[in-house]
Amino acid sequence: MRNMAGKEAREAVGEYKAGWHDPENATIRFDFGLSEQVVRDISALKNEPDWMTEIRVKAFHHFENRPMPTWGNMSMLEEIDFDSICYYLRSSDATENDWDDVPDNIRDTFDKLGIPEAEQKWLSGVTAQYESEAVYHSIREDLEQQGVIFLDMDSGLKEYPELVKKWFCSVIPYQDNKFSALNTAVWSGGSFIYVPKGVHVEMPVQAYFRINAKNMGQFERTLIIADEGSSIHYVEGCTAPTYSTDSLHSAVVELIALPGAHIRYSTVQNWSANVYNLVTKRGIAHENAKIEWVDGNIGSKLTMKYPAVILKGEGSHAEVISVAYSGKGQHQDAGAKIHHLASNTTSKILSKSISKDGGRGSYRGMVTVSPKAENCKLNVVCDALILDDGSRSDTYPTMEVANPSARCEHEASVSKVSDEQLFYLMSRGHSEEEALAMIVNGFFEPFTRELPMEYAVELNKLMALEMEGSIG
Amino acid sequence: MATDIPVLEISNLHAGIDDTPILRGIELEVPAGEIHAIMGRNGSGKTTTANIIMGHPDFEVTDGGVELNGENLLEMEPWERARAGVFLSFQYPQAVPGLQVGNFLRKSVAAIRGEDEAKGAEFRKRLKDAMTELDIDRSFLGRYVNDGFSGGEKKRFEILQLMLLQPKLAILDETDSGLDIDGIRTVAKGINAAIRGTDSGALIITHYSRILEHVQPDKVHVLIKGRIVKSGGPELALELEERGYEWLEKEAEKSA
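Read top to bottom, the protein sequences are chains W and C.
With the numbering used here, the residue at position 214 of the first sequence is 214, and numbering never jumps.
In the numbering used here, each number is its position in the second sequence, counted from 1, plus 1000.
Pulled out of the complex, with its shape left as it was, chain W reads as follows (with noise of 0.2 Å):
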């Protein structure tokens, strides 16, 4: 992306009230909080459409009057500050941080990890971007060919503007809750896909956006369109703790997978420990095809994020494989939604959760069959581990099944680990933080083993890790 100069920025916006912060480092920045004229300011900056700034302000209305959600963690929900926010940031170097204030438990991590030193700091943003140009051109080069739109959201509005706007809100309207209100009116980066007509993008596509710092923007939108018969495999984030001082990250993720497509999107997120993660995200299968969720949700104070499918079109199957852990002052309030609207639609829901140091993990799932919806078929299966005794781990699932044909399983299962469990595998020469992690990382295989190769690796380095000096 270009770089706006601050004198350009300024033609562009007319003078903001409060100035832009450091003109001459071309540091596009906006104060703190939000309003009306913060929202216009941001979609003229970016030279937006119409119809994306009347979208963005009513979005922005929205919020303003939309009441907090009386679920999740209410008392933690009520601590954000939106006025202490900065809505929006651009600049090659402004979003750097100073490589000496990354605190020593992250960056031992990244080392643990075995993370190069180039992308540690791209992580911890101290540098923007980590570009390996040669991967990232590669890549996408063979998708170029095949026809696939890969751009970030704000060059695909510009580049794609119809097909953006026909699908832009069509998933998660900016009603559907205060947050996706919030990242409508001011989001930023994200990722535009579009895959053509029976084409399958062969490799899962994480390369380019484990390397690329636009898309780990605090109010990304991504828009992901698989055309008939199409197939993606598209994987978000990493193991790594993603360090940001910014506190409140709030993304909204849209699919529509056409009849026959086939949508895997597998996100492994590990936010530092300040750091709000509220989250929607959503696709609508049409007939036949297939959308896949597979998430983890690692780190952050508070993460309330429910991928959900509605199955709109006969024979559509949902499947959400999710992972949670919560250490210390965490609470992982994630699950599933899944609404069968057609016939002979089919769900599974896998939900695996890990609780350790008073941290707290909740499974909160909805699956719906409506009324002319025949014979689908649900599966949902909810799993905690609880690591010690001041932990905490709850559920709260809810079906409703408004057609008698459906067959709906659950299963839930608390479990703890046990010292017998533990003896048994440091008799066999595993210290307890090992056998600690092996049982862990056991429990959360069934997430691990849908995952890149390199990504599963990872995370069971980094549970390895958790469980270091875990032993009270």
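It is worth saying that the hints were derived from the structure and are not from the lab.
Heads up, none of these hints are tricks.
Calculated pairs, DSSO-like style, for lysine-lysine (alpha carbon to alpha carbon, straight line, at most 30 Å):
(1) 1250(C) to 1225(C)
(2) 1128(C) to 461(W)
(3) 1119(C) to 461(W)
(4) 1189(C) to 1219(C)
(5) 178(W) to 46(W)
(6) 1189(C) to 1230(C)
(7) 165(W) to 337(W)
(8) 1219(C) to 1230(C)
(9) 1168(C) to 1225(C)
(10) 337(W) to 178(W)
(11) 312(W) to 178(W)
(12) 461(W) to 1107(C)
(13) 301(W) to 328(W)
(14) 461(W) to 1125(C)
(15) 416(W) to 1107(C)
Dock chain C against the given chain W, drawing on the hints supplied.
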């Protein structure tokens, strides 16, 4: 190895759990290359003895010593004992869902015998040979540790670990229970292969003499109420089979 230091030496061992004494002065020596059996009723302290040698954190040793080749085991953590050469075949092996057998075996061999022993063609060959000997199918490696295993599969898996880990001291806690006669024969073959003609020793804990017919212990010790009240050759196991434990309990009471 020509040495007089026994593989296992237990002297005057007193131990219990939550202030309840269970072992009251056990004396036992297992020299290199020998297989000894401990027999006794439920509650006599057999499993406790095994757990204490391995270092189970629930038990407290109040007096006495346990040495492996002259090294004091009681000061070591369980994993240090394992690395020093102690192996326990559990009566109730624990399931670890999600942990694959193949991966677990490799990690355990690496932890105990060193990283080099756990990789390459040689390791794979040893693994394959041991599995063939124990009549274990290859698909076993992809299953999760003891998860959904039948009783017999669990016991074979314990012996597979024994064969790969090549301990100095193998303790087999009720390894024969839950096995049919073919299983017992297979397991006995594994034990003999791991101990006979080596520097290692074994302690077989059992209720029954069945397994001892196939292993032929050098010595049989009878444990009653936390004490070894009688030791003898293999014939003692047969005598116990015929006469039960009562006569020994009466003898023990008289001498107490």
